[in-house]
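**Student:** What follows is the residue order along each chain.
4 protein chains.
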Amino acid sequence: MTLGFGVVGTGAIGREHIKRITKTLTGADIVAVTDVNQELAEKTIGDLDLNANVYEDDSALLQDDNVQAVLVTSWGPAHESTVLKAIEAGKFVFVEKPLATTAEGCMRIVEAEQKHGKRLVQVGFMRRYDNGYRQMKQAIENNFIGEPLMVRCAHRNPEVGERYTLDMAILDTLIHEIDTLHWLVGDDYKSIQVTYPKKTSKALEHLRDPQIVTLETKSGIIIHAEIFVNCQFGYDIQCEVIGEEGIVKLPEVPTLEYRKDGVLGSGILQDWQNRFNDAFNNEFQDFIDSVRHKGEPQGPSSWDGYIAAVTGDAGVKAQKSEKVEPIELPDRPEFYQQKKSEEIV
Amino acid sequence: MTLGFGVVGTGAIGREHIKRITKTLTGADIVAVTDVNQELAEKTIGDLDLNANVYEDDSALLQDDNVQAVLVTSWGPAHESTVLKAIEAGKFVFVEKPLATTAEGCMRIVEAEQKHGKRLVQVGFMRRYDNGYRQMKQAIENNFIGEPLMVRCAHRNPEVGERYTLDMAILDTLIHEIDTLHWLVGDDYKSIQVTYPKKTSKALEHLRDPQIVTLETKSGIIIHAEIFVNCQFGYDIQCEVIGEEGIVKLPEVPTLEYRKDGVLGSGILQDWQNRFNDAFNNEFQDFIDSVRHKGEPQGPSSWDGYIAAVTGDAGVKAQKSEKVEPIELPDRPEFYQQKKSEEIV
Amino acid sequence: MTLGFGVVGTGAIGREHIKRITKTLTGADIVAVTDVNQELAEKTIGDLDLNANVYEDDSALLQDDNVQAVLVTSWGPAHESTVLKAIEAGKFVFVEKPLATTAEGCMRIVEAEQKHGKRLVQVGFMRRYDNGYRQMKQAIENNFIGEPLMVRCAHRNPEVGERYTLDMAILDTLIHEIDTLHWLVGDDYKSIQVTYPKKTSKALEHLRDPQIVTLETKSGIIIHAEIFVNCQFGYDIQCEVIGEEGIVKLPEVPTLEYRKDGVLGSGILQDWQNRFNDAFNNEFQDFIDSVRHKGEPQGPSSWDGYIAAVTGDAGVKAQKSEKVEPIELPDRPEFYQQKKSEEIV
Amino acid sequence: MTLGFGVVGTGAIGREHIKRITKTLTGADIVAVTDVNQELAEKTIGDLDLNANVYEDDSALLQDDNVQAVLVTSWGPAHESTVLKAIEAGKFVFVEKPLATTAEGCMRIVEAEQKHGKRLVQVGFMRRYDNGYRQMKQAIENNFIGEPLMVRCAHRNPEVGERYTLDMAILDTLIHEIDTLHWLVGDDYKSIQVTYPKKTSKALEHLRDPQIVTLETKSGIIIHAEIFVNCQFGYDIQCEVIGEEGIVKLPEVPTLEYRKDGVLGSGILQDWQNRFNDAFNNEFQDFIDSVRHKGEPQGPSSWDGYIAAVTGDAGVKAQKSEKVEPIELPDRPEFYQQKKSEEIV
Ligand SMILES: NC(=O)c1ccc[n+]([C@@H]2O[C@H](COP(=O)([O-])OP(=O)(O)OC[C@H]3O[C@@H](n4cnc5c(N)ncnc54)[C@H](O)[C@@H]3O)[C@@H](O)[C@H]2O)c1
Ligand SMILES: NC(=O)c1ccc[n+]([C@@H]2O[C@H](COP(=O)([O-])OP(=O)(O)OC[C@H]3O[C@@H](n4cnc5c(N)ncnc54)[C@H](O)[C@@H]3O)[C@@H](O)[C@H]2O)c1
Ligand SMILES: NC(=O)c1ccc[n+]([C@@H]2O[C@H](COP(=O)([O-])OP(=O)(O)OC[C@H]3O[C@@H](n4cnc5c(N)ncnc54)[C@H](O)[C@@H]3O)[C@@H](O)[C@H]2O)c1
Ligand SMILES: NC(=O)c1ccc[n+]([C@@H]2O[C@H](COP(=O)([O-])OP(=O)(O)OC[C@H]3O[C@@H](n4cnc5c(N)ncnc54)[C@H](O)[C@@H]3O)[C@@H](O)[C@H]2O)c1
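Chains as they are written, first to last, in this note's numbering: chain A, 563 to 907; chain B, 563 to 907; chain C, 563 to 907; chain D, 563 to 907.
Note that these hints are calculated values from the structure, not bench results.
Computed from a predicted model, the values in this text were never measured in an experiment.
Keep in mind that a hint or two might mislead.
The list cannot tell twin chains apart, which means a pair is met if one copy fits it or any two copies do.
Stated by the list, open to error - Cross-link-like lysine to aspartate or glutamate pairs, in silico, DMTMM-like; alpha carbons within 25 Å at most:
1) Lys780 <-> Glu604
2) Lys780 <-> Glu767
3) Lys581 <-> Glu884
4) Lys605 <-> Glu709
5) Lys882 <-> Asp823
6) Lys811 <-> Asp840
7) Lys581 <-> Asp840
Kindly generate the complete structure, drawing on both the sequences and the hints.
**Tutor:** Shown next, in the form of structure tokens:
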């Protein structure tokens, strides 16, 4: 019995995920789609040769009994409403980040889900499914480097356009580090600060780029995250955890080592799709398998979506205040307790 | 419409591939199985929870209309007969290496397939689907290093047991390099020689280990391949192509870089399953997709299986003679012309 | 004509430098030594087989006409007085860091030297002579990465003993980064801040370790420097400059790459002597050659010693206040203008 | 008491070594020079500001009592005669490779030296003084990788001119590997073979390039050495020893790691001077120190020069015959027994 997906939002990433589910992964089908742009929804059906119904909106789609899981890939502001309706309907949800655009919105989902009684929702933070991060997580869990004390990471992108605004550095770019790092070190955030180094002349007028974000966790781990979205040279994700007894570092993306023209080199990717393609596949396959065989998803939860929202808000505030901003999080409910890596695989 | 596989041989790798097809890949199902060990065939159905018929032998299995493709994972000596029957029945075949245990046997398959009129058979040489080798192939095709002149490679394994005999170094170990390297440099082999360095004290009495194999191609490329199956330290596949203008090298398997106890290190794998798991997945998905959407497989062909057999035979002869042994190959038939990487993806 | 050195302080590093000058470098001799511990001075003469006079104190030593340059390797608090006397006597001075223990002391030397009319003093900041840092400096000067925007560096040491106090993290450990980094990016410091991550359980009661120091330069470059003196795994100096168009990173110390026991590894050094031995040699040879052939030293100047003192003081203050502390530096006098790397070699 | 050098041959490398001895190293002076080109000898004195006598020829130079050691940097064919005269005169000799151009010539020197009763001669094989090779040697001596079984190495050069003839690939290029490798693995050569891969189109008409040399030692170690003198991309020396329990590899030359324009790269040198500058310095300083303090040199001996000559001759023969050529070496005389690395430093 394959898992029937209904897709809400057939834009760029919606289509990518549809292709992924139909052409690469196993155990699921697309049975229904919708988009406020109905033409686009229709076209998607045609282009990708799907055997699926097109619905007018998410509510209609949710009434289709063949829809067992909803893939929410609409614009961020539309996520909350669809997710809440899906929970109401008792359907599984895979929602691209953000879970909701406000912390309150996330909390409403958290509460609805708890009320429902078991996990239905997974948020699209795919980095936890990246092989490199997984190896780091395991090494840390196995105490390979002792207690983590510091993290140094970087999120670099060749360039961004006019539409990229200052707060997107937190809400669209850093958001992945926000989710990954607290999971990686197994701790919660306490505060966030943003500092602005000398601005690169390659950034547009309205932006400040690069930015350095300092996160501190409750146990005192200090995380320095560089965000540099006009770094020119490539899409480059770095992460290094410094522990009491040693250091682990994300492996470089494996590309050919070459010798040519006086250079001993290898390639750096230019975009995130290539960088995290395997992670996206792992993420969805895990969602499909968990839902089918364990009856609930085990990836990033609504609670993780809530943490990201609260931290993101504090980050945007910190961008403006240039001060240390507290991150106030209630204790993680029992319902959302994290599992060790070995319990998950 | 998914592709229905009938599996002949539910041993170690047969089961691995069944799991792969059912749990990871898309577009195919296992509809029938057989094994001379009927109990094992039955048990496989149960263990892996397959909805498949168990047949007495390959002939019976081939009569099942739901079987559109045959997966041949029996012992090597049994391959030829099953493949010939499958071609006779007009079914697609994925056959683990070797295609057949003799060059003549391979040639019989080549002829049967040509008589059939279109490609049906793919041989399980998965390295061509490894990401690193693919990047090398593309770099060479794009003339990134000019004409290839030399290749240096190594196939290292931690240790082997009592049953590993001298000729297995060629027929089971080197066989993968034999297939990969002529494809990589786009040339055919002319001769092979085996030399024996000082023997490691870690090898059993009856074995000579390491061995160095020198292959020369028709255009004069010289390939040095080290086979070292008791190297102790890990499973380690190396390959480097030296061209007129530069060198490309297979990337190391990406593992965490760590600093600990005075060592800046990363891990080396211990077995081939981990090393080539992605390649196996890519290989099968490509077989499934090609058969479904293009009507024929596009991976390593019967002709490639034949090349491997002829080269393997010459290699075993060279192990004994310690002389340069010619590799006599007819010209590649039009029917089996290789495609460029970009035509394949 | 070789350069005659008089050595003030024949302790650990004094003896190292004497050996260096007599056994490895060219163009200089030790002609006189003194130490408050006269026995040690005598013993040094004997142990190292020097043909040199032993004097009662620095004043007596300075009156020896054969002393053309003074090597000051006494304890820090004694440096200022000896250096001032040497300038008074018109002799060249190589003084181990610190130039003086207070900013005022350094300023007195700066003023005395300017009054003298030409440079006499070089301070023992040897990192500028390390091959890796030199390559970084040249790359930056050649605009290889565009304008520098951020620096990430780390100073890691396996462990420290009882006597290592909190302020030594700034004054003895970070002091080398303090000198190297403003030179590297060609800018002056504006402020310093110290933050304390979670403390390692390997550090003694009285210490806070690791520490993270944030330096900001006048043009807005932000430098994050990790000081971690009980990191266990080795002596590890890292430095990375992130510019508008690319990044340059200090090369790892070249050691054998090995494959053994499942590890692809190389070694990490355990102490600073091995790490910077070549730099010490280059530093002294340059001092000797410059003084002999150009009539003045060209390495780190009194002004650099003054910068280090002011920055160090602010750093110690920042350790206590846990606030951003300003670094107030007058403009660099014309007399101490920095030269480009190519003017130096 | 410094060591007085008389230099025979003030050509390119003669001048380099003179500069080295006078400007970088300690314990030696140039007291006399000669060259068949007397003008050049005179000019050298002037250019390098030497306080040395110019002699008509080597015989005259050897009569100068201030000449305690002779540096032979004339053309290869002139070496033997000068070395023999120097031994006759009881003077130390540092002779650039080759010791003599024929094996017989080398043997005459070996015999003269033995007759003299203690070592006087060191041959200019500087690689043994390269830090990377030293680390390899120590690792092997310490049994870090168990018994060595195979060696893979490469000697690559960007390009060569008209004058570079086929035999120079052995006598001028490979000669350094010839000396280094038997020392590295502590064994003697048994045979040599040369094979010619496909020729690069970048090589001139008269040359065959690349070449692969296979050396076998008495205990059965097999060495594959690639010589590629028109490799275009850089000067690149590689060496890897594969032992029973692991592998050690020469470290890459440490250059900046950078990220720029989609490349994660570091630099490859373009010439041998930069590559082996430190080795040359270590080599000469060791010669000077050993002669001064131990009364004899401890670097590569006349016997090593003889081995190189015999092996070189066999190599040139192998270039022509394209067969395995025996290398016939008498047992190493007690007089020339090798020392372990730790006995040397
Ligand atoms: N995990 C990641 O790395 C990652 C990467 C890219 C995008 N995303 C997230 O995915 C989401 C979609 O991004 P995108 O790049 O595909 O955007 P997009 O604009 O290409 O597509 C969004 C689509 O949703 C449709 N839509 C909007 N509101 C809707 C509604 N109420 N009901 C139905 N359809 C609606 C739009 O018409 C549009 O076709 C965003 O939330 C984004 O943050 C995540
Ligand atoms: N591509 C690779 O890297 C790779 C790796 C491992 C194995 N292989 C190949 O796969 C094949 C199987 O290897 P394995 O390790 O699974 O062996 P195995 O012994 O575990 O399994 C073989 C199975 O085939 C069955 N069998 C034998 N003859 C049969 C016949 N005539 N009809 C039906 N069943 C028959 C046996 O009973 C057994 O269960 C071999 O040819 C091997 O070379 C390839
Ligand atoms: N550049 C570097 O990396 C580096 C490394 C180590 C030490 N140092 C510096 O070198 C200096 C010496 O350090 P050390 O480790 O050799 O210390 P040390 O204690 O081993 O030696 C100092 C010596 O100076 C003598 N001395 C003290 N006051 C004197 C005076 N007024 N006149 C004559 N002699 C006097 C002492 O008796 C002692 O023998 C310190 O300033 C230290 O910071 C620099
Ligand atoms: N170890 C190395 O890596 C290395 C590198 C380069 C050269 N070498 C060796 O150094 C030697 C010199 O090479 P070069 O490049 O300097 O050559 P070069 O031609 O530049 O210099 C040789 C000099 O010797 C002089 N000369 C020749 N015969 C003489 C004689 N009988 N008496 C006095 N002077 C004589 C010539 O006039 C010339 O000035 C060669 O044997 C070469 O193989 C070794």
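**Student:** Decide, hint by hint, whether the structure agrees.
**Tutor:** The hints, checked one at a time:
no. : hint              : in the structure
1   : Lys780 <-> Glu604 : neither (49 Å within a copy, 55 Å between copies)
2   : Lys780 <-> Glu767 : between (37 Å within a copy, 21 Å between copies)
3   : Lys581 <-> Glu884 : neither (42 Å within a copy, 52 Å between copies)
4   : Lys605 <-> Glu709 : neither (52 Å within a copy, 46 Å between copies)
5   : Lys882 <-> Asp823 : neither (46 Å within a copy, 32 Å between copies)
6   : Lys811 <-> Asp840 : both (19 Å within a copy, 23 Å between copies)
7   : Lys581 <-> Asp840 : both (14 Å within a copy, 19 Å between copies)
Comparing the model with each numbered hint stated earlier shows that hints 1, 3, 4, 5 do not hold.
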